[in-house]
Amino acid sequence: MMSFTPLKKALIWGTCLLGLLLCIPNFVRQPTPSTPWRQIHLGLDLRGGSYLLLQVDLAALERDRLATLTDNVRASLLAAGLGYRNLTADSAAHAVTFTPRSPEESTPDLAAIAKMPRAVPGEFDAAARPDGSIAVTLSGEAMKARAHEALSQSVEIVRRRIDATGAVDPQISVSGPDRIVVNLPGISDPERVKALLGTTAKMTFRLLDPNASPNAPPPPGVTLLPMQDNPNEKLPVRDHVDVDGGDLTNAQAGQDGQTGQWAVNFTFDNAGAREFADVTRANLGKRFAIVLDNKVISAPVIQGVIPSGSGQITGSFTAQSATDLALLLRAGALPAPLAVIEQRSIGPELGADSIRAGAISLGVGLVLVMVFMVLFYGLFGLYADFALVLNLVLMLGILSLFEATLTLPGMAGMLLTLGMAVDANILINERIREEVKRGRTALAAMQAGFERATGTIIDSNATALLAHVMLFVFGSGPVKGFALTITIGIVTTLFTTLFVSKMLMVGWYAAKRPKTLPV
Amino acid sequence: MAVIPAFRPVLRFVRDDTRIGFMKGRFAGLATSAALSIASVVLFLHPGLKLGLDFSGGVTVEARTAGPADTAKLRTALAAAGVQAAGIQRFGAADDVLIRLDPAGSEAATQAQQAKVKSAIETAQPGSTILRIDAVGPSVSAELFRNGLLALGISLLMILAYIWFRFEWEFALSAVITLVLDLTKTVGFLVITRFEFDLVMVAAILTILGYSTNDKVVVYDRVRENLRKYRSMPLRELIDLSINETLNRTLGTSTTVFLAALPLALFGGESLSGFAWVMLFGIVVGTSSSIFIAAPLLLLMGEGRLKRAAQPPKVR
Numbered sequence: 001m002m003s004f005t006p007l008k009k010a011l012i013w014g015t016c017l018l019g020l021l022l023c024i025p026n027f028v029r030q031p032t033p034s035t036p037w038r039q040i041h042l043g044l045d046l047r048g049g050s051y052l053l054l055q056v057d058l059a060a061l062e063r064d065r066l067a068t069l070t071d072n073v074r075a076s077l078l079a080a081g082l083g084y085r086n087l088t089a090d091s092a093a094h095a096v097t098f099t100p101r102s103p104e105e106s107t108p109d110l111a112a113i114a115k116m117p118r119a120v121p122g123e124f125d126a127a128a129r130p131d132g133s134i135a136v137t138l139s140g141e142a143m144k145a146r147a148h149e150a151l152s153q154s155v156e157i158v159r160r161r162i163d164a165t166g167a168v169d170p171q172i173s174v175s176g177p178d179r180i181v182v183n184l185p186g187i188s189d190p191e192r193v194k195a196l197l198g199t200t201a202k203m204t205f206r207l208l209d210p211n212a213s214p215n216a217p218p219p220p221g222v223t224l225l226p227m228q229d230n231p232n233e234k235l236p237v238r239d240h241v242d243v244d245g246g247d248l249t250n251a252q253a254g255q256d257g258q259t260g261q262w263a264v265n266f267t268f269d270n271a272g273a274r275e276f277a278d279v280t281r282a283n284l285g286k287r288f289a290i291v292l293d294n295k296v297i298s299a300p301v302i303q304g305v306i307p308s309g310s311g312q313i314t315g316s317f318t319a320q321s322a323t324d325l326a327l328l329l330r331a332g333a334l335p336a337p338l339a340v341i342e343q344r345s346i347g348p349e350l351g352a353d354s355i356r357a358g359a360i361s362l363g364v365g366l367v368l369v370m371v372f373m374v375l376f377y378g379l380f381g382l383y384a385d386f387a388l389v390l391n392l393v394l395m396l397g398i399l400s401l402f403e404a405t406l407t408l409p410g411m412a413g414m415l416l417t418l419g420m421a422v423d424a425n426i427l428i429n430e431r432i433r434e435e436v437k438r439g440r441t442a443l444a445a446m447q448a449g450f451e452r453a454t455g456t457i458i459d460s461n462a463t464a465l466l467a468h469v470m471l472f473v474f475g476s477g478p479v480k481g482f483a484l485t486i487t488i489g490i491v492t493t494l495f496t497t498l499f500v501s502k503m504l505m506v507g508w509y510a511a512k513r514p515k516t517l518p519v
Numbered sequence: 001m002a003v004i005p006a007f008r009p010v011l012r013f014v015r016d017d018t019r020i021g022f023m024k025g026r027f028a029g030l031a032t033s034a035a036l037s038i039a040s041v042v043l044f045l046h047p048g049l050k051l052g053l054d055f056s057g058g059v060t061v062e063a064r065t066a067g068p069a070d071t072a073k074l075r076t077a078l079a080a081a082g083v084q085a086a087g088i089q090r091f092g093a094a095d096d097v098l099i100r101l102d103p104a105g106s107e108a109a110t111q112a113q114q115a116k117v118k119s120a121i122e123t124a125q126p127g128s129t130i131l132r133i134d135a136v137g138p139s140v141s142a143e144l145f146r147n148g149l150l151a152l153g154i155s156l157l158m159i160l161a162y163i164w165f166r167f168e169w170e171f172a173l174s175a176v177i178t179l180v181l182d183l184t185k186t187v188g189f190l191v192i193t194r195f196e197f198d199l200v201m202v203a204a205i206l207t208i209l210g211y212s213t214n215d216k217v218v219v220y221d222r223v224r225e226n227l228r229k230y231r232s233m234p235l236r237e238l239i240d241l242s243i244n245e246t247l248n249r250t251l252g253t254s255t256t257v258f259l260a261a262l263p264l265a266l267f268g269g270e271s272l273s274g275f276a277w278v279m280l281f282g283i284v285v286g287t288s289s290s291i292f293i294a295a296p297l298l299l300l301m302g303e304g305r306l307k308r309a310a311q312p313p314k315v316r
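These protein sequence lines map, in sequence, to chains A and B. With the UniProt record's numbering applied, the first sequence covers 1 to 519. With the UniProt record's numbering applied, the second sequence covers 1 to 316.
Bound-form chain B, shown alone (with noise of 0.2 Å):
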């Protein structure tokens, strides 16, 4: 590979030299994030999550119908057939059609209610095609929703753990905090996008406190780093320092996974580009806490504790 030049890079986000003061603002940042997540949190409470099929239990099934799809028919035909219909809605193309039903009392009911759906179908549109069927019985989504619950509770106390342990306490609380709020905002904005809650939103919740952590991480590093060099710095110097030092790979690599998410978000299918359009918000908030909510917390916390020069500088 030698034979290719050593061409050079033609773009940069900021100047090696910028030394943005981001702890002045500090306090709003914290406001504004505060805000942002008890407005969430209200929105959670009221009108709240809409609860996908995962996580309500009940039916769903997507059809293709001959020719454009007719809701009043459908809805008719359902009607006739015994089955309240919760929604029927189109989406994508003309003749995709989507009816969603509440969730039944029993097992056997949900499965009653799925064959009544298909007939109905037939009934109204005939020739049409189930491309989708997706049934979930009460003690199944009551089960997968404590896992996804479960899986959420025990990530955020590993993050916990493994930084205190890699790190000092304050470093790990505030990064805990942040992700806390990161994950009021990421609800907040479900609740106000009206995408459906369920496994896979857990699974976009997930890697969005992974991908968070990892860029605290990032930050964090380097005010451990700088603590060890500038032993006399004032902390809020320090950790002013520690980001505009990192602020190039910090936004190099929000913008990789955006990038990387877009196309998931713009093309991804009905089914993949909800999840999509959460992880984008969640990197743009995840990228935007480590500088406006994840530093100030640990200068907050930190202030006159954090140790310094545990061991002196490299020289070398």
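Just chain A, same shape as in the assembly (with noise of 0.2 Å):
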């Protein structure tokens, strides 16, 4: 027990030495950027910046999915000379439903979508129903699968139109089913990102139905849709897309060269500006909108066939409305809604003040837990002292080699976990002292002193790992950071205690063999 080897001498003064060298990244500037650097990252509420959780609509993908099933379902039947009543998507029912011509039609109807193309094998299933009516029911499996691959869409997408407005170091991560959490640093007011993610940015191009009156109930199949700039207009637009806009390869903001209006031009892949060019000498003199997010930003008049798959999108834009659009573009649409369902947000002057007031208290609080220390326990107090400061250097050491991030919260954890390390030095000494009152020995003291202490120090120390652990698994955000600093010290709180302050205490009466201690 009183003796340390000097291997084991050598791993603990390595220990702290490696403790040391893991600290200075903090401190200096990086030399070489092949340097091996890690270091403590500042949490938002330090430096300033944003903090967004966004929820992924789920049911909208859904909603979505139907409505086009509910087209695919149109178009089988069509194709296979059927008829049908009443078909609808049913959202309760995760299905489309419709009623056969007749009932003898019912089993041609079912062998039609039987051969419907699927996204993934069984992504939708049709069965009779006792009424004679069909349904066409997704399985859950599928659209488990579907939202699953939509979030990681959604992450990458919004990462892109992050990276796009020129954010510096973003961090975009899945949270849970349906969330992602976006990291700003340094952006305090984060309206422009919010509103570029706001927007679902679906594009399509679609016909109009020149039979339809914007006035009257639209035919099945179409829908009035508003326009953009004028809500109040509704034009009468199929519901089949004709061009997708997610086959654009790109899109750049520009002016007209006649009429110096903002425009958006954009470019097809070969798939896309193949159908491109095959609707537009189909439809020479109709109208085409284009759609965005179920609203119409214009619908022009077919003036001839368009070979090249590059057009242009007019409409009333300015300068930044039509580089934002041509920035959703060519990041690509969202498969689902967004909505910000958390955010916070930091100045920067804010963070500063924050940085100020947390090193204040922990340069304080240091001060007076080693003051006390001293006054209390005198030499032994002093080697606590040591042993607290190594603390501290080890807890930077070991967060900048997780490249963890500190938060104010987190700068409180560590302040507590030098009032609480030096209870395990005050258990030792305490002991001591005792065992000295009892007459023995000033070594069989120390002896007694450390063994019987160091269960009681694991007891106590457990416990507080205990509650501090459960609050890293269900805190949220600045309290993760909290518990995250408080579990590290607690660690090397021990290893500090049992270990550093320890080999001082021994190494001291190794040296001086007194016959008295100074407890």
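It should be emphasised that the hints constitute simulated quantities derived from the structure, not laboratory data. Just so you know, not all the hints are guaranteed correct.
[What the hints assert, rightly or not] Once the Cα atoms are required to be at most 30 Å apart in a straight line, the calculated DSS-like pairs of lysine-lysine come out as:
1) Lys-8(A) - Lys-512(A)
2) Lys-295(A) - Lys-116(B)
3) Lys-437(A) - Lys-515(A)
4) Lys-512(A) - Lys-9(A)
5) Lys-116(B) - Lys-50(B)
6) Lys-144(A) - Lys-295(A)
7) Lys-229(B) - Lys-24(B)
8) Lys-512(A) - Lys-480(A)
9) Lys-24(B) - Lys-194(A)
10) Lys-480(A) - Lys-50(B)
11) Lys-118(B) - Lys-295(A)
12) Lys-73(B) - Lys-437(A)
13) Lys-437(A) - Lys-50(B)
14) Lys-234(A) - Lys-286(A)
15) Lys-515(A) - Lys-8(A)
16) Lys-437(A) - Lys-512(A)
17) Lys-73(B) - Lys-118(B)
18) Lys-295(A) - Lys-234(A)
19) Lys-480(A) - Lys-194(A)
20) Lys-194(A) - Lys-115(A)
21) Lys-194(A) - Lys-73(B)
22) Lys-24(B) - Lys-73(B)
23) Lys-194(A) - Lys-118(B)
24) Lys-73(B) - Lys-116(B)
25) Lys-515(A) - Lys-480(A)
26) Lys-229(B) - Lys-515(A)
27) Lys-194(A) - Lys-144(A)
Since each chain comes alone in its own frame, lean on the hints to assemble the complex.
Printed below as a string of structure tokens:
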């Protein structure tokens, strides 16, 4: 108990040195880009910035899928020469339902639907219901897979959109089954980002129905959509998508050569260009609507065949709105709408104030505890102080190694750790003192003191560890940072008190061989 | 380090031979604690905790106005923008203002509100800067609240299990009852001080629980040791002896934690000082409950039952 082998000593000092080395990157610049360099990140509450929690509207995803499925079912039935009534999407049942023209057609209806292409095997299944109608039901598994895919797709698109705004060092990650966390350091007014993320940017090119009147209820397969600039003006747009904006390869804002108005120029990929050419060839003279998120941007008359796959969208754009639309089209459409459900923005001034407040508290607290230890525990208290400073160094070192994020509550956690850390030293010292009072020799008292106190130290730290691991698991945001620093702090405390300060005390004893102990 | 002279400590809290009869005051201690806890529960029911943004949902905007904050002007501008401000409050410097909005019904409405507040501030006092905006939608706040309570509950259960595993059930049960009493008093403190109850406060309460448990474990550890050592000593005397023997340590550690938290309360800034004050309160409550609540409970539950001399005292 009372001796440290040279190897053990070397390991302890080596660990301390390592901790010190790990801290260095936080205080100096990286000499060359290839030097391994890990440092603590400052949380948004310390450096300023925004935290956004986005929710993916999975219900809308399913609604969309049902709408397309309705369209596809209609097309397959018509192609097979079969009739139907009451073709509707039933969100509650996750199904598209319709009634066959006659009961005899039920079997050919089912056969026609069985032949429809599916995104994944078993994506949907048709079955006749007791009332004679037919339900085409989406499978839960397939929708789950689609939702999962939509989430990762959304993350990718969110990343592209945010990167395009020039944000520095954004962090984007998935959280739970339908959420995305976005951290934007340095952006304390994230309105533009929020506007960009709040747009689904699903662009489609669809024909208008020339026979439908904007005032009467539209025929099946046609929907009245409002104009973007004037929501009161509605146009009868076919549900069938002729060309999908997802096939765009490029989009740029620019000014129209003749009018000088802002416009968005776009280019399709090969497949898109072919479809675009086909549609324009077959529908010369008809009106073609450009629809963005269920609003019509413009509905020009097709003047001629467009073979190259490039075109221009005009509307009443400003420089900013044209640039943003181009950005959104380049980044791609979100598979489902996103909603901001939590936002926390902190200005840079407040962050600087917080760092100052945290640093002052940490400094003052450290000094108070150190003075207390020297006054109440003498030389051994001084050793405890040395271990305490080392504890802080090791905590910073480990946080750097993990490239952890330091938040204001995290700084509070560090400070409390320092207050709690000397508890182990106090336990050891009190124990040694008791043993001395019982008449033991200096050596025996120290031995007994360490031995008896160790069990208590481990018990008391284990309970604290439990409470903070819970906090880390269930906490969110800043609280997690707090729990993390305390958890790391408990581990470093055990090391610095059970090894470092003990080694110092034992070393002192070995050098002096005193008859009495300064307790 | 051997060159440093072996200087002795200059201060002590109590003499080593202190033998205070704490258990004489056990009923007074329990009665006081019960009364305080009942009062806290009453306060919790009425007027209740002031829920912070994390749990209530809504919008908080903190701004530094150009020139001293003019709350009347701000109120007019907010009303004109169609926003109902729940509170406009100055804090810290004369040009710092905090605007608080009640939770809106939906996520989208919450977002719309905060945009209106920003423009209203700009209208009322042009040139103001926004220091902080927090907007929490209703679904998130409900979830945060649930997780906060879950963390508290599971922590208590795990502490119970751990002490049971390391000691005996009498120790575990009296520790957890004491912790619940500590918890209710902390809630009462929150109600009286009107500090907002938010996620950071849950962290403070969990830290208090951790600290308080730590304190009880040290006393219990000594009780267990003395149970083995003094086989015939009445439990009441034995517990008193254990508390007295660990008194310097108990006071020492609570002082260092107190000293560490004090600067946070004084200089920690608006966001951390509430947290730190609650910590300070919890340290005082947790330390005194080890002596006046946890120990008497152990005495009540353990009288004549706690195992003695499970193994003979170690002879060296």
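Against the structure, the hints:
Among the hinted pairs, Lys-8(A) with Lys-512(A) is consistent with the structure: their alpha-carbon atoms are about 21 Å apart, no more than 30 Å. Taking the CA atoms of Lys-295(A) and Lys-116(B), the gap is about 25 Å. The hint holds against a cut of 30 Å. For the hint pairing Lys-437(A) with Lys-515(A), the CA-to-CA distance comes to about 14 Å; that is within 30 Å, so the pair holds. Pair hint Lys-512(A) plus Lys-9(A) holds up; C-alpha atoms about 18 Å apart against a cutoff of 30 Å.
Proposed proximity of Lys-116(B) and Lys-50(B) is supported: the alpha carbons are some 25 Å apart, at most 30 Å. Distance check on the hinted pair: Lys-144(A) and Lys-295(A) sit about 29 Å apart at the alpha-carbon level, within 30 Å; holds. With a C-alpha separation of about 23 Å, the suggested pair Lys-229(B) and Lys-24(B) falls inside the 30 Å cut-off, and the hint holds. Restraint check: the Cα-Cα separation between Lys-512(A) and Lys-480(A) comes to about 46 Å, which exceeds 30 Å; the hinted pair is violated.
For the hint linking Lys-24(B) to Lys-194(A), the alpha-carbon distance of about 65 Å lies beyond 30 Å, and the restraint is violated. Between Lys-480(A) and Lys-50(B) the CA atoms are separated by roughly 23 Å; this keeps the pair inside 30 Å, and the hint holds. Proposed proximity of Lys-118(B) and Lys-295(A) is supported: the alpha carbons are some 28 Å apart, at most 30 Å. Only pairs whose Cα atoms come within 30 Å are accepted, and Lys-73(B) paired with Lys-437(A) is rejected, the gap being roughly 71 Å.
A hinted pair counts as satisfied when its Cα atoms are at most 30 Å apart, and Lys-437(A) with Lys-50(B) does not qualify at roughly 52 Å. A distance of roughly 17 Å separates the Cα atoms of Lys-234(A) and Lys-286(A); the hinted pair therefore holds under the 30 Å criterion. Restraint check for Lys-515(A) and Lys-8(A): satisfied, since their Cα atoms lie roughly 27 Å apart, inside the 30 Å limit. At most 30 Å may separate the alpha-carbon atoms for a hinted pair to count; Lys-437(A) and Lys-512(A) meet this at roughly 21 Å.
Restraint check: the Cα-Cα separation between Lys-73(B) and Lys-118(B) comes to about 14 Å, which is no more than 30 Å; the hinted pair holds. Of the supplied pair hints, the one linking Lys-295(A) and Lys-234(A) holds, its CA atoms being roughly 9 Å apart against a limit of 30 Å. About 25 Å separates the Cα atoms of Lys-480(A) and Lys-194(A), which keeps this hinted pair within 30 Å; it holds. Taken as a hint, the Lys-194(A) and Lys-115(A) pair is broken in the structure, with Cα atoms around 43 Å apart against an allowance of 30 Å.
For the suggested pair Lys-194(A) and Lys-73(B), the alpha carbons sit about 29 Å apart, so the restraint of at most 30 Å is met. With a C-alpha separation of about 62 Å, the suggested pairing of Lys-24(B) with Lys-73(B) is violated against the 30 Å cut-off. About 15 Å separates the Cα atoms of Lys-194(A) and Lys-118(B), which keeps this hinted pair within 30 Å; it holds. Between Lys-73(B) and Lys-116(B) the alpha-carbon distance is near 15 Å, which keeps this suggested pair within the 30 Å criterion.
Between Lys-515(A) and Lys-480(A), the direct Cα distance comes to roughly 49 Å. Violation of the 30 Å bound is thereby established for this hinted pair. Our distance criterion of 30 Å between C-alpha atoms is met by Lys-229(B) and Lys-515(A), whose separation comes to about 28 Å. Between Lys-194(A) and Lys-144(A) the alpha-carbon distance is near 27 Å, which keeps this suggested pair within the 30 Å criterion.
Of the hints listed earlier, those the structure fails to meet are numbers 8, 9, 12, 13, 20, 22 and 25, in rising order.
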